[in-house]
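**Student:** The lines below spell out each chain.
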Amino acid sequence: MSRMAISVRKLAVGEIVEVDGRRYEVVPTRDGELTLETPITPMDELHAIDGAKPASAEDFERLSGHVPYDDEG
Amino acid sequence: MPSAGGGGLSAEIVFGLRPWEEEVERYHQLSPPRIRAQNARKMIEAGDRRLDWLNCRPDGRIPLPGCRKLYVPLGKQAPSEAPYGFVFLLVQRRDSSLAWTFVAFGERHPSNPKTRTVYERAYKRINGCYPA
Chain A
1 MSRMAISVRK LAVGEIVEVD GRRYEVVPTR DGELTLETPI TPMDELHAID
51 GAKPASAEDF ERLSGHVPYD DEG
Chain B
1 MPSAGGGGLS AEIVFGLRPW EEEVERYHQL SPPRIRAQNA RKMIEAGDRR
51 LDWLNCRPDG RIPLPGCRKL YVPLGKQAPS EAPYGFVFLL VQRRDSSLAW
101 TFVAFGERHP SNPKTRTVYE RAYKRINGCY PA
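Just so you know, the sequences run in chain order A and B. Position 22 of the first sequence, counting from 1, maps to 22 under this note's numbering, and the rest follow consecutively. Position 127 of the second sequence, counting from 1, maps to 127 under this note's numbering, and the rest follow consecutively.
Excised from the complex, chain A in its bound form:
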């Protein structure tokens, strides 16, 4: 039985790859391994398209200062 030569493509965290027409991002797991998951487009990139930017802390306080917090996130 003959062996086929396999070329291994090296990937790094943050790289986007396409598998069968679907895009995936290389991300770290909590235990230090790597996995592929569907990409999360960063807000910076979305803001560059729509011209928005994060509001100031003062604006947040004016609109949301009265809103309660909880302990989970």
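Bear in mind the hints are in silico, worked out from the structure with no lab data behind them. Keep in mind that a hint or two might mislead.
Said to hold, decoys possible - Computed Cβ-Cβ distance ranges for the label pairs, DEER-style:
| no. | chain 1 | residue 1 | chain 2 | residue 2 | range |
| --- | --- | --- | --- | --- | --- |
| 1 | B | 80 | A | 6 | 39 to 49 Å |
| 2 | A | 42 | B | 32 | 25 to 35 Å |
| 3 | B | 73 | A | 61 | 26 to 36 Å |
| 4 | A | 70 | B | 3 | 14 to 24 Å |
Stated by the list, open to error - Only some residues are given here: those of chain B computed to face chain A with a beta carbon under 7 Å:
| no. | residue |
| --- | --- |
| 5 | 14 |
| 6 | 18 |
| 7 | 22 |
| 8 | 53 |
| 9 | 54 |
| 10 | 57 |
| 11 | 62 |
| 12 | 68 |
| 13 | 74 |
| 14 | 92 |
| 15 | 119 |
| 16 | 124 |
| 17 | 126 |
| 18 | 128 |
Even glycine gets a Cβ: it sits at the ideal position worked out from N, Cα and C.
With chain A fixed as given, assemble chain B onto it according to the hints.
**Tutor:** Relative to the frame of chain A, chain B by itself:
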């Protein structure tokens, strides 16, 4: 357009196409999380009910300054009744108006330890990487 604010101020609630695809449409079309997210969005956009907003914590392990959240299904609080959440970030748009822009949807307390929480997903969208 739905809006939310306080003290006479308000900001429109905006669901962007790309975040919606990446956060909600990653789930199978008939899966409970996707259906619940779609129903919650319809109710938010209808604007005919009070929304139980909570601010996200600006500090802690997953700091999300400038963010608010809603538990899904809307109107429920306990994780057993509302296992999912929407996170929104306050942004200033090109015309200087303010908007709560949709950032993330997902599980609040995933039973699978490999699944990222909605807060981790929000952090990644805002900061470009998962929290350490």
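**Student:** Next step is simple, just say for each hint if it's right about the structure.
**Tutor:** We went through each hint and held it up to the structure:
Residue 80/B and residue 6/A have their C-beta atoms about 48 Å apart, which keeps the hinted 39 to 49 Å range intact. Between residue 42/A and residue 32/B the C-beta distance comes to about 28 Å, which sits within the given range of 25 to 35 Å. Restraint check, residue 73/B to residue 61/A: a C-beta distance of roughly 29 Å satisfies the suggested window 26 to 36 Å. Distance hint check for residue 70/A and residue 3/B: the Cβ-Cβ separation is about 23 Å, which falls inside the suggested range of 14 to 24 Å.
At a threshold of 7 Å, the smallest CB-CB gap from residue 14/B to chain A is about 9 Å, leaving the interface hint violated. With a cut of 7 Å, the hint placing residue 18/B at the interface with chain A holds, because the nearest CB-to-CB distance is about 5 Å. A hinted interface residue such as residue 22/B counts as satisfied when its beta carbon comes closer than 7 Å to some beta carbon of chain A; here the least separation is about 6 Å, so the hint holds. Against a cut-off of 7 Å between C-beta atoms, the interface hint on residue 53/B holds, since the closest Cβ of chain A lies about 5 Å away.
Below 7 Å, beta-carbon pairs count as interface contacts, and residue 54/B has one with chain A at about 5 Å; its hint therefore holds. The interface hint given for residue 57/B holds, since its Cβ lies 6 Å from the closest Cβ of chain A, which is under the 7 Å cut-off. The interface hint given for residue 62/B holds, since its Cβ lies 6 Å from the closest Cβ of chain A, which is under the 7 Å cut-off. Because the smallest distance between the Cβ of residue 68/B and any Cβ of chain A comes to about 6 Å, under 7 Å, the interface hint for this residue holds.
Taken as an interface hint, residue 74/B does not check out: its beta carbon lies about 15 Å from the nearest beta carbon of chain A, beyond 7 Å. A distance limit of 7 Å between C-beta atoms decides the matter here; for residue 92/B the minimum to chain A is near 5 Å, and the interface restraint holds. Interface restraint check: residue 119/B against chain A, minimum CB-CB distance 3 Å, threshold 7 Å, status holds. For residue 124/B, the shortest C-beta to C-beta distance to chain A is roughly 5 Å, which falls under 7 Å, so the interface hint holds.
Residue-level restraint check for residue 126/B holds (minimum Cβ-Cβ distance to chain A is 5 Å; threshold 7 Å). With a cut of 7 Å, the hint placing residue 128/B at the interface with chain A holds, because the nearest CB-to-CB distance is about 5 Å.
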